[in-house]
Each structure stands twice: as C-alpha cells, then as structure tokens.
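Residue numbers (our numbering), protein chains in the order written: chain W, 1 to 211; chain H, 1 to 494.
No lab work stands behind these hints: they were computed from the structure. It is possible that some hints are incorrect.
[Claimed, not checked] Quick list of the computed label-pair ranges, beta carbon to beta carbon: (1) H/357 to W/63: 38 to 46 angstroms; (2) H/273 to W/168: 40 to 48 angstroms; (3) H/41 to W/191: 49 to 57 angstroms; (4) H/287 to W/174: 18 to 26 angstroms.
[To be verified] Distance condition first, Cα-Cα at most 25 angstroms in a straight line; then the derived SDA-like pairs of lysine to any residue: (5) H/5 to W/52; (6) W/173 to H/293; (7) H/5 to W/173.
Ideal placement from N, C-alpha and C gives every residue a C-beta, glycine not left out.
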Amino acid sequence: MTYDYEIHTITNHGLGERLAAVSREAGARGGTIMVGLGSASSTLLRMLAIGDVEKDVLVTLVTAAEKDAVYNAITGNSLVRSRKHAGISYCIKLGDEPVDTNTHYELITVISNRGYAEDIMTAARKAGARGGTILHARGTGKPEDGKFFGITIVPEKETVLILAERTNSAAIKDAISTLPCLSTPGIGILYCTPVSEFRLLGKNAATDGKK
Amino acid sequence: MNFLKKLKETCIAVLPISAVVILLALTITPLEGALLVKFLFGTVWIILGLTIFLTGCDIGIMPAGAFLGAALTVRRNLPLLLASGLLIGVLITIAEPSLLILGQQAEKTTGNVSAMTLVYWVSAGVGLFLVLGLARTVFQIPFRLIIIAGYAVVFLFASRISPVFVALAFDSGGATTGQMTVPFIIALGVGIFSVRSDRSAEDDSFGLIGIASIGPMLAVVLLGLVSGTAGAEPPVGEGVPLVAANEQTRSLLAEYAVLAPEILKTVALALTPLAVILGLYQIFLLRLPPRQLTRISIGFGYTCIGLIIFLLGTNSAFIPVGKEVGFLLGQLDYNRILIPLGFVLGALVVCAEPAIWVLTESVEEVSGGNIRRPVLLTALALGVAASVGLSMWRVLDGFSIWYILAPWYAAAIALSFACPRLFTAIAFDSGGVASGPLSSTFVLALLIGASEAVGGNPGTDAFGLIAMIAVTPIVTIQILGWLYALYAKKGGHA
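Produce the complete structure using the sequences and hints provided.
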C-alpha cells in the first residue's frame, strides 16, 4: 500500500505517546516517536544556555483518505488544546504529484557532523527562523567507516529540523550554508521539503498557523 | 526546562535529610538556635549549588566528555586513546568534589594524611584504571577477570596496612565516583561507544566506572604501604576539637567570609587543570564550532559556581551540624538509637540520590522491563539502609571493618559467576553511584561526631561508611540479575 502524506508533530516531551495513541484511534496504522531537543524561545535563557527543552517528534504515515481525520485528531486533541504552546504539526505530501504551491511553509533539514547543531540554529535564528528541533543520529556507509581493533566505527550526526516561511527560507538556507564552520567538504547536507499544511498546537493556535 | 527539573531533583535529594535533622533538633538533640539557622541556610546553599553544578555538568562537562570520547575513537590511534584516558582520568578526579570533601574530613580526623595527598594518589589510581578499562574494551578482555584481579591485589595489600588506611581506601573508591567523575566517564564511554556499531557495544558501555573505582582503593592502599606504620596508632579521640567552639559564636556572614577564599582556592585548583587540558584538546583534536564551544564554556562556568556554593553549604553547615548531631546522639544513654537512625538515613540517601534514578532506569531497560524500578529501588534502599545501620553499630562497638567488607566483596565476586555479564558490569558501575554528595558530607560527619562522643576512634570506625554504601548495590543488583537469568532460563516471559 502507498502512503500519501507524512505528518510530523513536534510536541512537548511526554505528549508524543499520547498523540500517537490519538492518531491510531483516528485511523493511522502506526507512528514513530523520536526524542529531540528544542531550543528555548527566550533569548535570555538561550544566552544562559539553560533553555533547552526535550521534544517528542512523532512521525505518522497516512493515506490521502485518512489524512484529515488523523491530522485533525492530533491538532484538536484536548490535551494539546489545554496548553498554551504545545509545539507544531505539519504534513508533507509524498509521491511524484506536483506539490500544492500555495502553502507558506518549507521544512529545512540539515544533517551535519555532531556538534554543529548549536551553530546552525544560531545562524538560522539570525536569518529569521523561529525555532528548530535537534535530533541525534548516526551516519552510515561512508568510505571513512573503518575498523579499530575489531570495533566498527560509525560517525555521529545531528539532524536539525527547521520549519520556515517560504519568504525567508532562502535567507535561512544561505545563512546556514555559508557558516564558516560548515565550509569543510563532507561535513553535512541541507535540503528542503515543501510542507502542505502547518498548524501550531496549543490554546492560541490559529488553525492554519499563519499567526 | 532542564534547570527547573534539576532543582526539583536536588530538592527531593536534600530536603528529606534536612527534615530528619530538624526533627532531631526539635526532639532528642536540641541544637542551638544559631546553628540551626546556619543549617537552614546551608540547606539552601546545597540545593542551589548542586542544581547549578548539575546543570553545568549537563551542558558543559557531559558534552565535552562525549565529544572527546567520539573524537578519540574516530582517530583510531590506540596510544592516543590510552594516553588521553590516563590524563583525563587523573584530571577529572582532581576536580571531584566528593573526593575533596572526603580528603578534608580524613585530614581533620586522622591527621596523618593530607587532603591533597589523598586526592593526588587517588587521581593517579583512577587514571591508570581508566586506561585499563578502555584497553579492556579494545582488546575484549572479560570484565570479570579485571574486577577479580583488581580486588585480589587490593585485598592482598590491604591486609598488610594500618586499619585507618583500609577504611579510607575503600571509601575513596566510592567517593571518587561522584558528581563530577561519573557523568564525565560515562559520557566518555558513551562517546566512544556511540561511534561503534557492533553488537557488544552496548554491553561494553557499562563497566568503565566499576573498573575506574578500583583505582582509588589500590592507590590509597599503596599510599598506606608507603607511609608505613606511621598511622598505626592514631591519636584516640583527641585529634580534633569536637565542634570548634568559635565556629558557633562567629556570625553567619563572618563565617562565610572566612570560608569563601579557601573554597575559591580549592575549586580553582580542582577545575583549572581540567579546563586547560580540554582547551588543548579543543585546539588540536576537537575543533568544535564556536557556538558549541561557548555553550560548553558556559557549562564550565556553572560547574565552577555551583561547586563553590555547594562547598560553602557543606563546610559551613552540613559537616559541622552532622558532627554536632552525631556527637549529641552518641552521648545519649540510649545511643543505640543511632542504629535505626542510620537505617532511616541510608534509605533516604538512596531514594534521594539523582544518580540512582538514572541507574534504575538503565537496569529496567536492559532487563527488558522485567526488573521494575520500584523493585530495584526497594532492594537498593534496604541494602544501603542495612549498610548505614551496620556502620552505626560499628561506630558504637568499634569492630573491624573487615568483618563487614570481606563477606560483602566475596559475595559480590561470587555472584559475578552466576549473574549475566551485563548485570555484573552495571552492578560494579553502580557501586560508586549510590554514595553521593550527601553520604560523604552529612552522614559521614554524623558518624565522626558519634564516634568521638562514644570515645571511639573516628579514623577507623567512622570511615568505611562510603565503602559500605558502595558495595551494597553491587551485591543487590547482581542478585536481581541472577534471579532474572533464572527466570529467563525457565522460558518465563510474562
């Protein structure tokens, strides 16, 4: 069977399981939860380096028929609605059909060697990004992978997810790709995915996230 | 937010002990008003200091360790890895607050070993054994072999030195693996193993602390051999003024003013070498990007500030009050009450230690959820409660520490044959984890006070407490692991 949409929900740590259950009730077949780090919205807390918050990233694959029910179930969940800010949720259209271009948002994904995420986030923020989520990951299959006394070595990676408005996504991409510390070849990659729908989660969330 | 979470954890860790002290102060051991006020302030300092310190560890020390571990392994240069292990093991241990506090108390109580001598010897021991631990994973030497050989050597030498050093040696093993060392060594291990993809990587990521904590024991035992029998007849009961009289008459501020420069010096002495060496690694090996570097530096700043505030709290309040309460309890006609009190304190210390929560989580994980957290926590609490209770008994009756340590360690090693390897590694790791900042400050001080009151020899009777707390989880977790293995063999997956 083929899925038509991938729904990403980035929410407070601990809410992921709940939302996965909710989306299953609404018809989704499953879901994957990853734990990421979100950086604080307050500049002061960021400066003091104590603002990091753990986030759950829930990935759900759905068919076109199921999408609306699942998406509404996640964003309309009462637990989510009861909080002031509970993260974001967006859909990515899969398949080769041309993407609906009237959306305002784009997902910027940066995969880099471990340790660069802070610098990437700082540059992105300066260029207008409102936030981002950092996931720890491991790379695989590079020629440098080698053995060390029978131990196989795999490079550590960091993945940064930034949801940006189309109007300033180019600026953010430029800011990241021109970072001096990312100038070494092979240090990472960056790509964009159009997002077909986007909603803020929480009490004050406007339904289309235009706020 | 991680700061608030840490604050909550430290409150849970410290407040129960404070409550017990206040309860005692209001009932059987009336404390002077001034001392009580000092204690209350001290509680606040300790909570605040520990919170800032742990936050600093999270954003500075831990990432630094993990980056370093990964960078060192990726180089695939064995001499570099081992030399770095030695250097880092030594420097991180010099910076360990629990060890410093133990050293200071040992200096004041026994009078035949200076705090810094102890710290340097122990650090060398940790460095060497960290190298051994790293080499073990590279050459795939069985964990049990190193543990048995290590303890055999320690016990062999320990039987030939004065009892003061025996107690101190085993205490050092527990104290060394404190708030600073454990996160850093774990992070280093995690860093090293995170770049591995083979199957035994997870199994090998435990055990590093267990091996590293043999180092200090061996180092202090050797220190005992070197300094000969000088410590064989420690001055009984007279070494120190019980509770320095002027300490109580001095006003709170004046006392802080006296303590602060001393603490600043200690902290600077402890953290500078580590900062310098990490700086060098940054220049030549790590080359972290600027923002990440700033972040780690900020974390270092927190660690430093937190440590200063924490030490201010322990030195001005927890240690003197602990001694005073212990002394008053020891003077009571019914001083046997110390034994049940020790039991209560032991249970409180375990349940309150933040590191224990991390440990129970990882055990739950590796046992596939079969060893539930409450089960393990209860087992640990009972074990440590018994240990502290026994230590109190030892203070009152002054019997040799060998009667307690020998059977425990024998059991620990015997169990390593019966229980799955992963559990053995976790068990030996957790030994140091159970003995946190509260046991090396308040509970130890209380024992020293009590020992002085009953006219015992604090040098041999009170010390050994941390060792007792440290050996308990080794046995407890292995028993649970053994039961789990039996259960799994029966094919019983409920």
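Outcome of the hint check:
{"no.": "1", "hint": "H/357 to W/63: 38 to 46 angstroms", "result": "holds (42 angstroms)"}
{"no.": "2", "hint": "H/273 to W/168: 40 to 48 angstroms", "result": "holds (46 angstroms)"}
{"no.": "3", "hint": "H/41 to W/191: 49 to 57 angstroms", "result": "holds (56 angstroms)"}
{"no.": "4", "hint": "H/287 to W/174: 18 to 26 angstroms", "result": "holds (24 angstroms)"}
{"no.": "5", "hint": "H/5 to W/52", "result": "holds (12 angstroms)"}
{"no.": "6", "hint": "W/173 to H/293", "result": "holds (23 angstroms)"}
{"no.": "7", "hint": "H/5 to W/173", "result": "violated (34 angstroms)"}
In summary, the one numbered hint that this structure violates is 7.
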